[in-house]
Amino acid sequence: MKLLLPLLFVFGLLNPGVACPPNAHYSSDGSKCYHLVKRPMSYSEAKEICGFFGGRLVPVGDVRGFEEENFWAEAKTSIGLCAYVENQNVGYQDCSEKLPFLCQTEASLFPSTDTTCTCPDPVACATCPPPTTCPESPACPTPTPASCPPNWTRFQDHCYTVLGVANFFESGMNCVNQGGRLESVHSQEENDFIGALLLGSDKVGSWIGGYRSSPKDSFGWSDATPWNYTFWDKNQPTDKKNENCVWMLEDYPKTFRWENINCYSFVQSAVCKRNLD
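Numbering (mature numbering (1 follows the signal peptide of the UniProt record, and there is no 0)), first residue to last: -19 to -1, 1 to 258.
There may be inaccurate statements among the hints.
As the list claims (entries may be wrong) - In silico DSS-like pairs for lysine-lysine, Cα to Cα no more than 27 Å straight-line:
no.: 1; residue 1: LYS79; residue 2: LYS28
no.: 2; residue 1: LYS28; residue 2: LYS57
no.: 3; residue 1: LYS19; residue 2: LYS79
no.: 4; residue 1: LYS57; residue 2: LYS79
If you are wondering where the hints come from, they were derived from the structure by calculation, not from laboratory data. On a predicted model such as this, the values are computed, not experimentally measured, just so you know.
Turn these sequences into a full structure, and let the hints guide you.
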């Protein structure tokens, strides 16, 4: 099983109306966020991982706009069209060569929570009366778009984060203390997203919220949502005594399947899930 290198985000600037994830790098016009992934992957693998985060590999034409020379001081970094950038020089590579890579996402995917709206603004909030009839007080309410806390990643209508190692039940309590629950998985897309999240950490596997009281019982989710999807590994689940908790691990390449293991004697990282704020 391969060791996983951490996902590292780079740089950070303030930009009214949007907020790239912590330490992400803004494009010169503030419309895009750039994320450096240091785990070497082939072009097709990198393209897939960028897609999981709602983005794409940086187009070749965009790299000329970077101003931070130190950003390119590291080794070759993969971008779009099987190209690479190194010390601000662009070249082309064998698409199968494994390199760190640079993802690009739209900054609008990460709305800032401090955006304000007032009636005189020509792009006023939808509930604001026309400017000629707009009362001076109260002003339009400050919009509160749904968002995730720092260090959590959004997927559809939920937020996700990876916590440190503990046994199953300690991990469950750690998630509750973070305002969430151990991850419940309800589709292949969600399972793939969690796999992509883990690929960006140095974890080879992680607890999810699957649990049963005994081998005679059925599995369920710790957050009480329906058990309507599974992705077991070969010959799983087993009926061994005390193997009543579920974790997911990388089944090369980049596919994360489930196994049931002992809830107490194993310590793993944990994926937590919570509602949008």
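To see whether the hints hold, each was checked on the structure:
no. : hint             : in the structure
1   : LYS79 with LYS28 : holds, 12 Å
2   : LYS28 with LYS57 : holds, 16 Å
3   : LYS19 with LYS79 : holds, 11 Å
4   : LYS57 with LYS79 : holds, 10 Å
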